[in-house]
Amino acid sequence: MLAKRIIPCLDVKDGQTVKGTNFLQLRQAGDPVELGKIYSQQGADELVFLDITASHEGRKTFTDMVQKVAAEIDIPFTVGGGISELRDVERMLSAGADKISINSAALRRPELIDEIVSHFGSQVCVVAIDAHQDEQGWTCYLNGGRIPTDRNLFEWAREVNDRGAGEILFTSMNHDGVKQGFACEALARLASELTIPVIASGGAGKMEDFCDVFAEGKADAALAASVFHFGQISIPELKEYLKKENINVRI
Amino acid sequence: MKVAVVKYNAGNIFSVIHALKRMGVEPLLTDSAEELRRADKVIFPGQGEASNAMHYLRQRGLDEIIPSLTQPVLGICIGQQLMCRHSEEGDVDCLGIFDAEVKRFVPLKHEDKIPHMGWNSIQNNKIQNSKPTLFEGLDGEFVYFVHSFYVPVCKDTAAITEYIHPFSSAMQKDNFFATQFHPEKSGKVGQQILHNFLEL
Numbered sequence: 543m544l545a546k547r548i549i550p551c552l553d554v555k556d557g558q559t560v561k562g563t564n565f566l567q568l569r570q571a572g573d574p575v576e577l578g579k580i581y582s583q584q585g586a587d588e589l590v591f592l593d594i595t596a597s598h599e600g601r602k603t604f605t606d607m608v609q610k611v612a613a614e615i616d617i618p619f620t621v622g623g624g625i626s627e628l629r630d631v632e633r634m635l636s637a638g639a640d641k642i643s644i645n646s647a648a649l650r651r652p653e654l655i656d657e658i659v660s661h662f663g664s665q666v667c668v669v670a671i672d673a674h675q676d677e678q679g680w681t682c683y684l685n686g687g688r689i690p691t692d693r694n695l696f697e698w699a700r701e702v703n704d705r706g707a708g709e710i711l712f713t714s715m716n717h718d719g720v721k722q723g724f725a726c727e728a729l730a731r732l733a734s735e736l737t738i739p740v741i742a743s744g745g746a747g748k749m750e751d752f753c754d755v756f757a758e759g760k761a762d763a764a765l766a767a768s769v770f771h772f773g774q775i776s777i778p779e780l781k782e783y784l785k786k787e788n789i790n791v792r793i
Numbered sequence: 102m103k104v105a106v107v108k109y110n111a112g113n114i115f116s117v118i119h120a121l122k123r124m125g126v127e128p129l130l131t132d133s134a135e136e137l138r139r140a141d142k143v144i145f146p147g148q149g150e151a152s153n154a155m156h157y158l159r160q161r162g163l164d165e166i167i168p169s170l171t172q173p174v175l176g177i178c179i180g181q182q183l184m185c186r187h188s189e190e191g192d193v194d195c196l197g198i199f200d201a202e203v204k205r206f207v208p209l210k211h212e213d214k215i216p217h218m219g220w221n222s223i224q225n226n227k228i229q230n231s232k233p234t235l236f237e238g239l240d241g242e243f244v245y246f247v248h249s250f251y252v253p254v255c256k257d258t259a260a261i262t263e264y265i266h267p268f269s270s271a272m273q274k275d276n277f278f279a280t281q282f283h284p285e286k287s288g289k290v291g292q293q294i295l296h297n298f299l300e301l
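Protein chains in written order, with this note's numbering: chain A, 543 to 793; chain B, 102 to 301.
Bound-form chain B, shown alone (with noise of 0.2 Å):
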């Protein structure tokens, strides 16, 4: 199987490689558009600030690549938010794969700290005439996250996480899958999403 990583000026791109190696996996790291339409899987990784990463984006043509492939893409935190329609980060138009905004945390009293950063568990949410995502099984399980932008519950919500108030932990509209949380370092519980999805 090829698995393609996005490669652009996002942060962390590391951690997932050494993941899929850990699963056995020998990704290839591109912005090339003709290497990412001929894999099997993309990743669309990272964690950054998202007008610098559009900006990048667009620059590489990348931001018309992305929302055309049509093989399963993988968003990881900032990979989910530039999925999203626009981002309230650097107020930025994004791909626009998922009709969302991106928001900035806003906290409601003293304990609510920004970023949300640390473990903190999904539920699966039921989208409809969808397939089943990569998270079936896994309600109520753990995994990790650092952000301090969020994408709210909208109807491509395939996780719900709460923090302040409930958000899309992850996302999923025909072969467009996205976690605002990091699989790669999260234990076992992100293993096996990361394993779910390249089964796809």
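Chain A extracted, bound-state conformation (with noise of 0.2 Å):
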């Protein structure tokens, strides 16, 4: 049976990985390259890495370390972050990702979604969502969570599918740094209405949290940051738990 898998991710600026709280302020948490050679150790499924540098040199800083990443880890890892056209998913491929992450370019230009898939599969295409909820229902946002969009989540996520990615990333803003848990009512909706896997981000607090967003959230995987870099979480003690809440994980 296909386990569900344990996802951390590194937020990753200047060649340090860096953690924000509700996307704001950002905290040092390590070097990207051994900090994710430890989680593979540990037993993580996968891993993410995302580009917070927005200047060219940082660019060049990251490439160089998705390149290093290619060859010391032996787990699959996704990178994310300022990739707008096909040219930076060659890059991205090239410097040895298996999979890259899109977020505000597919929004602003949803058939940069086709000409991926087109190009190099379903499988390398990850789009990721960040949305948050108010009296109005669910909206997408753009450029980490400070732009909102018209879009609406579920209409999104569907377009989205429908367009071959991959695999959907769902963050939700209003549970992203509050630690109190997933957003499981809305991925639940998701994994119903969609044919593609969700990655749930965005509350993880404690081992309990991520029971729940596989029992309930029917997510596919799991995604955390600052519960994994400050030890709050470690991933093979998570593993033996969710053993024995009986999900099926990779142990």
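These are computed hints drawn from the structure, not numbers from a lab.
Hints are supplied without guarantee of correctness; some may be wrong.
Here are the computed lysine-lysine pairs in the BS3-like style, where the Cα-Cα straight-line distance is at most 30 Å [to be verified]:
no.	chain 1	residue 1	chain 2	residue 2
1	B	Lys108	A	Lys579
2	B	Lys289	A	Lys760
3	A	Lys610	B	Lys108
4	A	Lys785	B	Lys227
5	B	Lys108	A	Lys602
6	A	Lys579	B	Lys289
7	B	Lys289	A	Lys785
8	B	Lys122	A	Lys602
9	B	Lys289	A	Lys786
10	A	Lys748	B	Lys204
11	B	Lys122	A	Lys760
12	B	Lys122	A	Lys579
13	A	Lys785	B	Lys210
14	B	Lys122	A	Lys610
As the structure is a computational prediction, the values presented were derived from the model and not from experiment.
From these two lone chains plus the hints, build me the complex, please.
Dropping the structure here:
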């Protein structure tokens, strides 16, 4: 049986790992290649590296880091941040990334999904969606959660699915950084409406939250950052716990 | 030991090369018949579309060379599929090393997502009169898959994985070995499988 995946996410700025709380404050948390290697040895199923550098030099540093990760780490990894055209995808894949994730660029120009899928296949194309819930429902945001759009989460996710993306990485802005659990209701609805895997992100605080996101949120994978980076949850303990709770995980 | 990796138009060849380098092996990436024949071990990796890959292999005569190799050969992912008789992907005749037909996964229920992507477990399948497989002692271990087409369970099946239905997650016949999963992306278990192959 296909295992549920645990995915640590490493935000990288100028070659260093950082993690924001509610997308704003940044705290230092180490060398991304070394950290990735530790997570891989601990049993992480995949890794995500997000480039949050804006500058051109930063981009170059990030590409160098992707090459190092590909050479040193033996589990699949996704890279995202600043990918806005086919050329960026090509650069990341030739540096050794298994998958790329796009976010704002897909909202601005949805055809980018079709282009990536036809050039490189569905399996490399992860579409990240940052959404916030208010009285009007769930709204998608651009630029790391800074700019609201007029797109609804479920409509956009359906379009992403139908354009052939391989996976959706959904971050609930309401839950991100709050450590009170994932957005299970929205996740379960995504799982029932979509035919592609959903990676849940935003809200992990304790081990029970992971159990809930798989059992109730029907997520295929759960992504988290600070709970792993700051040692609040260790991946081996988390997996043992999930196994006891009858969640199929790789140990 | 000389390890050759077959160079062709498939993606993800470099991850195999990185994995070998981590194990202290400096592989040779080549499409030369002579160099492939001279190698102690040959790895036929990749990710891609079957009919395009076969077209490329035929243009370079690799469709004749690969089945004629006598040293241990390991096909990975699309490599395993191309080693079969025929693939539904692009309706193409393949190398015919394994007498099997590659089929497209058809979902039976909403939860059956295609491609089959992620970590799934393998079970050894004893092949009659055959030497041990590459997967001795690895029953129930998880390995990493990404694929939309599969080889049904057949007489050359060396390991079985369950997704939608049981399929051949690894195959073995004479000097030919193959895995549908990516050992180079499967952590320690994958490295053990590559190690077992290199030790043959």
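Cross-check of the supplied hints:
no. : hint                   : verdict
1   : Lys108/B with Lys579/A : 28 Å, holds
2   : Lys289/B with Lys760/A : 28 Å, holds
3   : Lys610/A with Lys108/B : 22 Å, holds
4   : Lys785/A with Lys227/B : 29 Å, holds
5   : Lys108/B with Lys602/A : 28 Å, holds
6   : Lys579/A with Lys289/B : 12 Å, holds
7   : Lys289/B with Lys785/A : 20 Å, holds
8   : Lys122/B with Lys602/A : 24 Å, holds
9   : Lys289/B with Lys786/A : 23 Å, holds
10  : Lys748/A with Lys204/B : 42 Å, violated
11  : Lys122/B with Lys760/A : 38 Å, violated
12  : Lys122/B with Lys579/A : 16 Å, holds
13  : Lys785/A with Lys210/B : 24 Å, holds
14  : Lys122/B with Lys610/A : 13 Å, holds
Of the numbered hints listed earlier, those contradicted by the structure are 10 and 11.
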